[in-house]
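Engineer: Chain by chain, the residues run as shown.
Number of protein chains: 2
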Amino acid sequence: MKASQLLSPTLRETPAEAEVISHQLLLRAGFIRKAAAGVYTYLPLAQRVLRKISDIVRQEMDREGGQEITLPIIQPAELWMESGRWNVYGDELFRLKDRHGRDFALGPTHEEIITDLVRGEIHSYKQLPLLLYQIANKYRDERRPRFGLMRGREFIMKDLYSFDRDEEGLANTYKKMYDAYTRVFTRCGLKFRPVEADAGAIGGKGGTHEFMVIAESGEAAIVYCDDCDYAANVEKAEAKPQSLAEEAAAELAEVKTPGVKTIEELTKFLGIESDRLIKTLIYQTEKGLVVAVIRGDRQLNEIKLQNLVDTVQLHLADDGVVRLLTGAEVGFAGPVQLPATVCIDGQQVQVQVIVDEEVTLVANGITGANKTDIHLKNVNYGRDFGAHQVTDLRMVEPGEPCPRCGSPLRWARGIEVGQVFKLGTKYSKALNANILDENGKSREMVMGCYGIGVSRTMASAIEQNYDENGIIWPVSIAPFHVIVVPVSAKDDTQMQAAEKIYGQLREMGIEVVLDDRNERPGVKFKDADLIGFPYRLTIGPKTLAEDKVEVFNRRTGQSSLEDIETVAKNIAELIKRELDQLVG
Amino acid sequence: MKASQLLSPTLRETPAEAEVISHQLLLRAGFIRKAAAGVYTYLPLAQRVLRKISDIVRQEMDREGGQEITLPIIQPAELWMESGRWNVYGDELFRLKDRHGRDFALGPTHEEIITDLVRGEIHSYKQLPLLLYQIANKYRDERRPRFGLMRGREFIMKDLYSFDRDEEGLANTYKKMYDAYTRVFTRCGLKFRPVEADAGAIGGKGGTHEFMVIAESGEAAIVYCDDCDYAANVEKAEAKPQSLAEEAAAELAEVKTPGVKTIEELTKFLGIESDRLIKTLIYQTEKGLVVAVIRGDRQLNEIKLQNLVDTVQLHLADDGVVRLLTGAEVGFAGPVQLPATVCIDGQQVQVQVIVDEEVTLVANGITGANKTDIHLKNVNYGRDFGAHQVTDLRMVEPGEPCPRCGSPLRWARGIEVGQVFKLGTKYSKALNANILDENGKSREMVMGCYGIGVSRTMASAIEQNYDENGIIWPVSIAPFHVIVVPVSAKDDTQMQAAEKIYGQLREMGIEVVLDDRNERPGVKFKDADLIGFPYRLTIGPKTLAEDKVEVFNRRTGQSSLEDIETVAKNIAELIKRELDQLVG
Numbered sequence: 001m002k003a004s005q006l007l008s009p010t011l012r013e014t015p016a017e018a019e020v021i022s023h024q025l026l027l028r029a030g031f032i033r034k035a036a037a038g039v040y041t042y043l044p045l046a047q048r049v050l051r052k053i054s055d056i057v058r059q060e061m062d063r064e065g066g067q068e069i070t071l072p073i074i075q076p077a078e079l080w081m082e083s084g085r086w087n088v089y090g091d092e093l094f095r096l097k098d099r100h101g102r103d104f105a106l107g108p109t110h111e112e113i114i115t116d117l118v119r120g121e122i123h124s125y126k127q128l129p130l131l132l133y134q135i136a137n138k139y140r141d142e143r144r145p146r147f148g149l150m151r152g153r154e155f156i157m158k159d160l161y162s163f164d165r166d167e168e169g170l171a172n173t174y175k176k177m178y179d180a181y182t183r184v185f186t187r188c189g190l191k192f193r194p195v196e197a198d199a200g201a202i203g204g205k206g207g208t209h210e211f212m213v214i215a216e217s218g219e220a221a222i223v224y225c226d227d228c229d230y231a232a233n234v235e236k237a238e239a240k241p242q243s244l245a246e247e248a249a250a251e252l253a254e255v256k257t258p259g260v261k262t263i264e265e266l267t268k269f270l271g272i273e274s275d276r277l278i279k280t281l282i283y284q285t286e287k288g289l290v291v292a293v294i295r296g297d298r299q300l301n302e303i304k305l306q307n308l309v310d311t312v313q314l315h316l317a318d319d320g321v322v323r324l325l326t327g328a329e330v331g332f333a334g335p336v337q338l339p340a341t342v343c344i345d346g347q348q349v350q351v352q353v354i355v356d357e358e359v360t361l362v363a364n365g366i367t368g369a370n371k372t373d374i375h376l377k378n379v380n381y382g383r384d385f386g387a388h389q390v391t392d393l394r395m396v397e398p399g400e401p402c403p404r405c406g407s408p409l410r411w412a413r414g415i416e417v418g419q420v421f422k423l424g425t426k427y428s429k430a431l432n433a434n435i436l437d438e439n440g441k442s443r444e445m446v447m448g449c450y451g452i453g454v455s456r457t458m459a460s461a462i463e464q465n466y467d468e469n470g471i472i473w474p475v476s477i478a479p480f481h482v483i484v485v486p487v488s489a490k491d492d493t494q495m496q497a498a499e500k501i502y503g504q505l506r507e508m509g510i511e512v513v514l515d516d517r518n519e520r521p522g523v524k525f526k527d528a529d530l531i532g533f534p535y536r537l538t539i540g541p542k543t544l545a546e547d548k549v550e551v552f553n554r555r556t557g558q559s560s561l562e563d564i565e566t567v568a569k570n571i572a573e574l575i576k577r578e579l580d581q582l583v584g
Numbered sequence: 001m002k003a004s005q006l007l008s009p010t011l012r013e014t015p016a017e018a019e020v021i022s023h024q025l026l027l028r029a030g031f032i033r034k035a036a037a038g039v040y041t042y043l044p045l046a047q048r049v050l051r052k053i054s055d056i057v058r059q060e061m062d063r064e065g066g067q068e069i070t071l072p073i074i075q076p077a078e079l080w081m082e083s084g085r086w087n088v089y090g091d092e093l094f095r096l097k098d099r100h101g102r103d104f105a106l107g108p109t110h111e112e113i114i115t116d117l118v119r120g121e122i123h124s125y126k127q128l129p130l131l132l133y134q135i136a137n138k139y140r141d142e143r144r145p146r147f148g149l150m151r152g153r154e155f156i157m158k159d160l161y162s163f164d165r166d167e168e169g170l171a172n173t174y175k176k177m178y179d180a181y182t183r184v185f186t187r188c189g190l191k192f193r194p195v196e197a198d199a200g201a202i203g204g205k206g207g208t209h210e211f212m213v214i215a216e217s218g219e220a221a222i223v224y225c226d227d228c229d230y231a232a233n234v235e236k237a238e239a240k241p242q243s244l245a246e247e248a249a250a251e252l253a254e255v256k257t258p259g260v261k262t263i264e265e266l267t268k269f270l271g272i273e274s275d276r277l278i279k280t281l282i283y284q285t286e287k288g289l290v291v292a293v294i295r296g297d298r299q300l301n302e303i304k305l306q307n308l309v310d311t312v313q314l315h316l317a318d319d320g321v322v323r324l325l326t327g328a329e330v331g332f333a334g335p336v337q338l339p340a341t342v343c344i345d346g347q348q349v350q351v352q353v354i355v356d357e358e359v360t361l362v363a364n365g366i367t368g369a370n371k372t373d374i375h376l377k378n379v380n381y382g383r384d385f386g387a388h389q390v391t392d393l394r395m396v397e398p399g400e401p402c403p404r405c406g407s408p409l410r411w412a413r414g415i416e417v418g419q420v421f422k423l424g425t426k427y428s429k430a431l432n433a434n435i436l437d438e439n440g441k442s443r444e445m446v447m448g449c450y451g452i453g454v455s456r457t458m459a460s461a462i463e464q465n466y467d468e469n470g471i472i473w474p475v476s477i478a479p480f481h482v483i484v485v486p487v488s489a490k491d492d493t494q495m496q497a498a499e500k501i502y503g504q505l506r507e508m509g510i511e512v513v514l515d516d517r518n519e520r521p522g523v524k525f526k527d528a529d530l531i532g533f534p535y536r537l538t539i540g541p542k543t544l545a546e547d548k549v550e551v552f553n554r555r556t557g558q559s560s561l562e563d564i565e566t567v568a569k570n571i572a573e574l575i576k577r578e579l580d581q582l583v584g
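In order, the protein sequences belong to chains B and V.
All the letters of the first sequence, read from the start, carry residue numbers 1 to 584 under this note's numbering.
All the letters of the second sequence, read from the start, carry residue numbers 1 to 584 under this note's numbering.
Be aware that a few hints might be false.
Identical chains share a label here; the pair holds if one copy fits it or two copies do between them.
[Unchecked claim] In silico DSBU-like cross-links for lysine-lysine, where the CA-CA straight-line distance does not exceed 30 Å:
| id | residue 1 | residue 2 |
| --- | --- | --- |
| 1 | 490 | 500 |
| 2 | 377 | 97 |
| 3 | 240 | 371 |
| 4 | 371 | 490 |
| 5 | 426 | 126 |
| 6 | 287 | 97 |
| 7 | 576 | 52 |
| 8 | 126 | 34 |
| 9 | 256 | 377 |
Derived by calculation from the structure, the hints in this document are not laboratory data.
All chains, please: the whole structure from these sequences, using the hints.
Structural biologist: Here it is, written out as structure tokens:
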């Protein structure tokens, strides 16, 4: 491709609306243009990157037996009503009516329509496992689309759906996809981690992993261990419970604490560390009251609590309810001698006490006495209070020991580019997608879903690979491998040498741009750096006189001189080696 | 691919809703499933065909300097308002609002958004020509979606837009695209004709050609010449005007024709042929009255008339207007001594007379006298009446002489799969897409647009290539090239032989399915025919005993026996030769 013919409109200034680096560089390097909030046109350079990512994805899906299909973007509302998501999905779902007034949605995801398809075609366990995927546009009407391709309203995703006869089959398929994802992101040349994650609203109580590209600008906090494989997102992360100094249990006693309610006030008032305090949080849910008990220096992880109780609604109890339960003003609640039920608005409501495992290790702790202006001291789990459940309820903090190996946990920020997900029977149950098993018995298919944000992967690659001059593409997903730059396009000798190398590289299957533009060398170098060609070959008068070409490596910033006769062959071999290494 | 793992659900019965053969076979052979009216899921076999067609299209667009991009499907209404099409497009445009109440359209075509993009990036004639294309979903809310993929509401198109500095540049680009389209459909293995067509509503007064796949089921009538290249769709088709027997002009005279109004009645009443009659049709338009005069045995082509007068509205005048203009009842209008203007509703309205060229060749014709119950005989153009314009106004009929070479014109039916289109400055003017020319003068870019219906091409290929047993794919777009069928999948010897050939073919880059299903041979053969594999290799006990394999050619229906050792190599070479021939 000649640069003079390539539509890659670079900008010198950083567009004001772009907050994150990938958005800035995609605009500046001429990869994308905005058409509306969260809606972009992909220009030729972006198109090439997206195609490379898609091809890698496609190969790895096919390798695990995935079959590519294309599902409609406009989906009839009836299916969304059948699954119950038409009303649940809210404003994020783009909705429209056709000329006859029938309701449609622009697919944000395709569980309904794939389940509808499969229930019509698959009736026997013999036809399973079935893995179907597509690479296509998805639509989400984000409240505040931003960060360029990171949070768009129209974006490209690969979504694969798996159908298995049972949980064991799903586990097997899940493992295959997990491995395929690992290969995809490795081949894309990205530093990433699969992390244990929370299932969230998409449903299913099985496992789920998020694939996170490590980048400072990442929206998600990742907790990981350097000494073993453990990694999780912060909502899901666990740590080994830590016990404090051992101490013999002393006698339970009341302490007057007039007006002293918060952890901070208490530690000051009593002159103790906050890890001696036992914090009691009271939640209202549609399943009754839930009392969560954690150490005073810890933060409660509400997502863990919500999953544990399996509630849809979970919010801190209002003051009136706290008073009814504890008999005291807010600030003096504690787990000791709490009633098992309480009467609220004439209804008897169950009270469930859930204690974080670390609390059971606190010796002679301090907690509210369920009496206004009074706390209890020398409180010990087991002797003074019990629990319906002891488990992990807390947000993990940096430095805590890895739950597997005990090494200190580290933190990083990441961008979610993929997720693998055990759906179980949520959709097959709602939509009656059944098979006959080997005994002729009807059973629901067991499903998984597996997404990769293709356009987001492109942006994430930039968040992880850039410097002050522009993008530094991994070779495997670079729009082109090489740019050949004659210092002066008007100089025939330079142009001839450049054309020759350009032709040689093309013949060897290398993707190359010849910068034939009538621009100053500074402009051409700046554009090459900005766009992020992995290699730049410069043909200048001085080096040409010595039959040499300057080879600039965009990632290392190193330049070297190579013989003009062999440079194309050497660069081509280098690139092919780099690509082969990624395939592994 | 193993047939047992391939999702290709074949049906024995023809689904009742499918009217045309491509729709029937795409459903029966397991290529598509309906998700909503005019909205389909493409299953794995269709996905492969679509990908092959897309790749051919992509290669030929790239070869002519096209650059692939992706434009948004959801497009802001503002651009459609700027071009004036938001209100014009009517019910066919899918419209939706986002959560903030902003209007969007699902793109049925992308002139607005591409012009908006290019006006922002291109400012100099030096940056032209620019050819940008995409392969993506399009949306049209058809009143009555039908015929499967022929007239869907969500469908796949390639659309390329060209930007040139002037008409000459456009003509050059247009020629390139015309040639590229010819290569695309040739490589797809289709019998087709590019035909001159009418510009229709998309705008632009330049030329346009439709690429028609010849098929009996085609919606469009094509007129073509076997002795030269001439071809046009029926709305656009011309023929050499034919003169009748020469005759000296006789004296103009009135004939009483009480109550005789229609051509049929007149020919009977006067005992003459209808080609002696001169028919006068009066139209109302926003530009005044238009009187179209054609021979009595011809049909008026309203599209030609509308383009000629350049009107938006054109309809036959109502009886009152006819009376006002002619002073007679309907049925007695004629071109002789018509007034030049007429007063309608207090407004003076111009009357424009347009005469078909054949009428000027009628000697001593008969026409209405503009008096009730009276006609004129011995009417001659020039002597008795004139015209504002003499031109071609008629529908061509089979057997008329070719306008270029005079050979008899033939008729065929075709399916439009592509169109190339000179847009001119329609959109660049509306959206202010200007460049500076070599003199520093601002001028509008000159545009072209070029579409290929990718999903429709797949359906058209079937309309042209099928028999009572199913589809007969052209090799270049077949989902797979070969199916290997062991007569009994339970027979180890057969399966081993089949596996071996399957492996050999795969290694040679042939796309092959191994039918490993535990089905009766009849079922497997039926499915193979229905899906339309170009070649079927059958491994049966009898032939295997002789070290032979049966090779069945789906298109010719011929079978032959080949040596088991060489069959894979021979078939692979045969297929590669066939593919190479198409590339040309």
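Engineer: Would you list, in rising numerical order, the hints stated earlier that this structure does not obey?
Structural biologist: As far as the earlier hints go, 2, 3, 4 and 6 are violated by this structure, in ascending order.
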